[in-house]
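In the order they appear, the protein sequences are chains Z and C.
So the mapping is simple: the numbering used here equals the position in the first sequence, first residue as 1, plus 7.
So the mapping is simple: the numbering used here equals the position in the second sequence, first residue as 1, plus 7.
If you're looking for bench data, these hints aren't it; they were derived computationally from the structure.
A portion of the hints provided could be inaccurate.
Stated by the list, open to error - Quick partial rundown of chain Z residues pointing at chain C, CB under 10 angstroms, derived from the structure:
(1) Glu319
(2) Thr320
(3) Asp370
All of these numbers come straight from a predicted model, not from anything done at the bench.
Glycine included, every Cβ here is placed at the ideal spot set by N, Cα and C.
Protein chains: 2
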Amino acid sequence: MTGIDIALPTDPDDAPLSEALRARFAAIVGTANALTEAADLAAYLEEPRGLFPGRAAMVLRPKTVEEVSAILRLADETKTPIVPQGGNTGLTGGQSPRSPGQIVLSLSRLDRIRAVDPVGRTITVDAGVVLQRVQEAADEAGLLFPLSLGSEGSCEIGGNLASNAGGTGVLAYGNSRELCLGIEAVLAGGEIFHGLRRLKKDNRGYDIRDLLVGSEGTLGVITGAVLRLFPKPAGREVAFVGLASPEAALKLLRIAERHAGGGLTGFEFLPRLGLDFVLRHIEGARDPMAQAHPWYVLVEVSSSRSAEDARETMEALLAEGFEAGIVADAAIAASLAQGDAFWHMRESMSWAQKPEGGSIKHDVSVPVARVPEFLEKAGAAVTAAIPGARICAFGHLGDGNVHYNISQPVGADTAGFLSRWREINGLVHGLVAEMDGSFSAEHGIGLLKREELARTKPALEMHLMRSIKRIFDRNNILNPGKVVQI
Amino acid sequence: MTGIDIALPTDPDDAPLSEALRARFAAIVGTANALTEAADLAAYLEEPRGLFPGRAAMVLRPKTVEEVSAILRLADETKTPIVPQGGNTGLTGGQSPRSPGQIVLSLSRLDRIRAVDPVGRTITVDAGVVLQRVQEAADEAGLLFPLSLGSEGSCEIGGNLASNAGGTGVLAYGNSRELCLGIEAVLAGGEIFHGLRRLKKDNRGYDIRDLLVGSEGTLGVITGAVLRLFPKPAGREVAFVGLASPEAALKLLRIAERHAGGGLTGFEFLPRLGLDFVLRHIEGARDPMAQAHPWYVLVEVSSSRSAEDARETMEALLAEGFEAGIVADAAIAASLAQGDAFWHMRESMSWAQKPEGGSIKHDVSVPVARVPEFLEKAGAAVTAAIPGARICAFGHLGDGNVHYNISQPVGADTAGFLSRWREINGLVHGLVAEMDGSFSAEHGIGLLKREELARTKPALEMHLMRSIKRIFDRNNILNPGKVVQI
Numbered sequence: 008m009t010g011i012d013i014a015l016p017t018d019p020d021d022a023p024l025s026e027a028l029r030a031r032f033a034a035i036v037g038t039a040n041a042l043t044e045a046a047d048l049a050a051y052l053e054e055p056r057g058l059f060p061g062r063a064a065m066v067l068r069p070k071t072v073e074e075v076s077a078i079l080r081l082a083d084e085t086k087t088p089i090v091p092q093g094g095n096t097g098l099t100g101g102q103s104p105r106s107p108g109q110i111v112l113s114l115s116r117l118d119r120i121r122a123v124d125p126v127g128r129t130i131t132v133d134a135g136v137v138l139q140r141v142q143e144a145a146d147e148a149g150l151l152f153p154l155s156l157g158s159e160g161s162c163e164i165g166g167n168l169a170s171n172a173g174g175t176g177v178l179a180y181g182n183s184r185e186l187c188l189g190i191e192a193v194l195a196g197g198e199i200f201h202g203l204r205r206l207k208k209d210n211r212g213y214d215i216r217d218l219l220v221g222s223e224g225t226l227g228v229i230t231g232a233v234l235r236l237f238p239k240p241a242g243r244e245v246a247f248v249g250l251a252s253p254e255a256a257l258k259l260l261r262i263a264e265r266h267a268g269g270g271l272t273g274f275e276f277l278p279r280l281g282l283d284f285v286l287r288h289i290e291g292a293r294d295p296m297a298q299a300h301p302w303y304v305l306v307e308v309s310s311s312r313s314a315e316d317a318r319e320t321m322e323a324l325l326a327e328g329f330e331a332g333i334v335a336d337a338a339i340a341a342s343l344a345q346g347d348a349f350w351h352m353r354e355s356m357s358w359a360q361k362p363e364g365g366s367i368k369h370d371v372s373v374p375v376a377r378v379p380e381f382l383e384k385a386g387a388a389v390t391a392a393i394p395g396a397r398i399c400a401f402g403h404l405g406d407g408n409v410h411y412n413i414s415q416p417v418g419a420d421t422a423g424f425l426s427r428w429r430e431i432n433g434l435v436h437g438l439v440a441e442m443d444g445s446f447s448a449e450h451g452i453g454l455l456k457r458e459e460l461a462r463t464k465p466a467l468e469m470h471l472m473r474s475i476k477r478i479f480d481r482n483n484i485l486n487p488g489k490v491v492q493i
Numbered sequence: 008m009t010g011i012d013i014a015l016p017t018d019p020d021d022a023p024l025s026e027a028l029r030a031r032f033a034a035i036v037g038t039a040n041a042l043t044e045a046a047d048l049a050a051y052l053e054e055p056r057g058l059f060p061g062r063a064a065m066v067l068r069p070k071t072v073e074e075v076s077a078i079l080r081l082a083d084e085t086k087t088p089i090v091p092q093g094g095n096t097g098l099t100g101g102q103s104p105r106s107p108g109q110i111v112l113s114l115s116r117l118d119r120i121r122a123v124d125p126v127g128r129t130i131t132v133d134a135g136v137v138l139q140r141v142q143e144a145a146d147e148a149g150l151l152f153p154l155s156l157g158s159e160g161s162c163e164i165g166g167n168l169a170s171n172a173g174g175t176g177v178l179a180y181g182n183s184r185e186l187c188l189g190i191e192a193v194l195a196g197g198e199i200f201h202g203l204r205r206l207k208k209d210n211r212g213y214d215i216r217d218l219l220v221g222s223e224g225t226l227g228v229i230t231g232a233v234l235r236l237f238p239k240p241a242g243r244e245v246a247f248v249g250l251a252s253p254e255a256a257l258k259l260l261r262i263a264e265r266h267a268g269g270g271l272t273g274f275e276f277l278p279r280l281g282l283d284f285v286l287r288h289i290e291g292a293r294d295p296m297a298q299a300h301p302w303y304v305l306v307e308v309s310s311s312r313s314a315e316d317a318r319e320t321m322e323a324l325l326a327e328g329f330e331a332g333i334v335a336d337a338a339i340a341a342s343l344a345q346g347d348a349f350w351h352m353r354e355s356m357s358w359a360q361k362p363e364g365g366s367i368k369h370d371v372s373v374p375v376a377r378v379p380e381f382l383e384k385a386g387a388a389v390t391a392a393i394p395g396a397r398i399c400a401f402g403h404l405g406d407g408n409v410h411y412n413i414s415q416p417v418g419a420d421t422a423g424f425l426s427r428w429r430e431i432n433g434l435v436h437g438l439v440a441e442m443d444g445s446f447s448a449e450h451g452i453g454l455l456k457r458e459e460l461a462r463t464k465p466a467l468e469m470h471l472m473r474s475i476k477r478i479f480d481r482n483n484i485l486n487p488g489k490v491v492q493i
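So here's chain Z without its partners, still in its complex pose:
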């Protein structure tokens, strides 16, 4: 994209790889899986936002953990930078190679579902299994794997864990980290961390698993994982609710929690502007209600007992919301298909923004109770800075996680608007910091937010992070320049 000023770090290039070294790496995986042609590389170099033009010497596609180990051993020995990559869906450039001296290590061919344990409710998978396949394998075993993201059809579970992905299931089931019981990873020197434990309780020493999870490939390359599965709900109800304000949405959240308990499996919010975008640009989208409302909430209730039970719970919580004057209008999905259609509208939000021109994006979280205050203050600051800016703030209200996206004013110059990305980030993230929030709720740091992390995280924590990085990767070959610089 032209004109985006996101102040991407311009790290010096690594030395290009020699032909001889390329050949040694290629020999590990076989030439068919060592890609060097520009046409073959393209898919690994481009990323969803177009912010990080990728450059790399080659792409390696190992099939086994042992091949990954051999690659990292050679890389460590020769100080060759390795960029691990799963489905290449990350939004902060963590998976993007940055120089002709770097090698992309694709995990996509590690794609076996190793085992399903229906009694212990676990699934053991290779890192390269696409998230949707994990969901399907769980479903076939009569169970649920609740991690759910817009990119689930192409993102891979290793990348989900490496970035501690969030999504819409966090409300009831937790982040990727909480869904993971065990990890297998290859460390920088090629050593294999054998941590594929299926235990719900294991207090044998420091929690190295959770250090690897969320480290974005900078401490080790996740090659396999044991994931938690859950009983599949017997019933599921989805409602689209119109209300006057974020405050009303928050009140409804508390009511819904009281009624549904752990069965509240979705609570997403979006503004009217977001619904307008969806209705305008997403095929088949229909306004579920006759009248417009300033805000909408998508509520999902699951029941372990029955569809009727889910229905009753949904009706009871909406009735209380109506009586309290919180809910202006509500449409309960009449069928599973309509429920999916409601979800599809929410999940199409990012896509629906694209035809509206440039969008300055944020992935922030604040304490749940402060979401309305954040929206009000951020709205005032942004529209003061850019009159006419169209704020499309949506996301996971129950997690305090707002995708605070700002579409350009109608008719404005896209490049000119996007050139203010950094300035607007500063405004929004400043407010988030004042509210003890996070400028990266679920997307991670990657390259995009590395400088901001270094600037804003307490010096003590940056020191600990750098020290930990040095323990795991003394030669700085694992995804160098991402998350933290040493």
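Assemble chain C onto chain Z, guided by the hints.
Below, chain C alone, put in the same frame as chain Z:
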């Protein structure tokens, strides 16, 4: 206790503290909170199992985080070993001072509940708040803090987090680690780690919080925490179920999960022998059923909707269990008081074993599906080694966590029986290892299991643990000799 051969490490004594240094430490907290008299020290030196006779130069009782910081700064400067201590209820000696050169740092006077956020459902507490007070404060706010342990009336939340305590609530709500959103801790040099975040999603760099949680005071001293609260169930039903075997219990677990989903808030098992001990030694305990059964399960179902809903779910799952021939008999508690009485029987198991003589104890976990196999193999091995040994294996079936306790044969010599502690540990832990289990499910490593950890954990992980310990505590002043030696 006489005769116990648990091969406690005999580390060399630290140099005794000079008078001058004692005075400098005392000046930080004031002489009233710097205990040096034997009578004052006693309560800090003795621990529940009587395995770790404590020795210490003094006990410091700071009131503020700043005082903790000043203590650690001075300790680091003077290389004085510090043993952090909460409610002194730990079972592996992690909180026990080991030489006249060590200082006990009691967190008990850091006892403020700092804040409750009913909308974001969090509570922020000092480390020294007794667990039961956290539960009560949550209850007063109409919410639930689900961490629940036998020692909840005296253990402190800082210690719970430092040891990643488990307990009976793990099934539905997770270990202490999963219940914790943010941590405040003082590191070895006195620096304060300001991590009291109230965010459900925060992906800003490596997960240092979870490294501190479960590090048993060896990486930092936890001084405060933000904990997750949950909606308080509207209804709760407890049943005591008699059945033929652990296999039957496991089948009932799956049925119960299917019916209750996240509302299955308790699933504990015990053998007839355990119930016999309870009936014999615990005042007021009554057999809930007319006939004896080989095994029992305590099932708890919670409902967010109503007492009737919980009742219906319980009845439905038991009915299915009866029809399938899994449940032999069941008693649903007729009142909350009776439900509490059922729980009390389960929670009295450890106490009820005491009058039966010596007990060789284990805190193990295996994959849930393998619990019956473990019980069978371990039973055969133990009774072959010690004919007449009375195996009282009970615990958290849904977590695969078995407290595999063995009471001495009737009439046997206690000292002679206990002298085989180490040998029997070897048998049981050997089986656990074969089943990819853990020899410390929820009690931690402390001193008791340090050597076994060093012997059995992969060298790579021990190397990482030692390297991490050195980063956080270069002078080895924080609980030295616990968990891992450097």
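Checklist entry - If you check each hint against the structure, which ones fail? => result none
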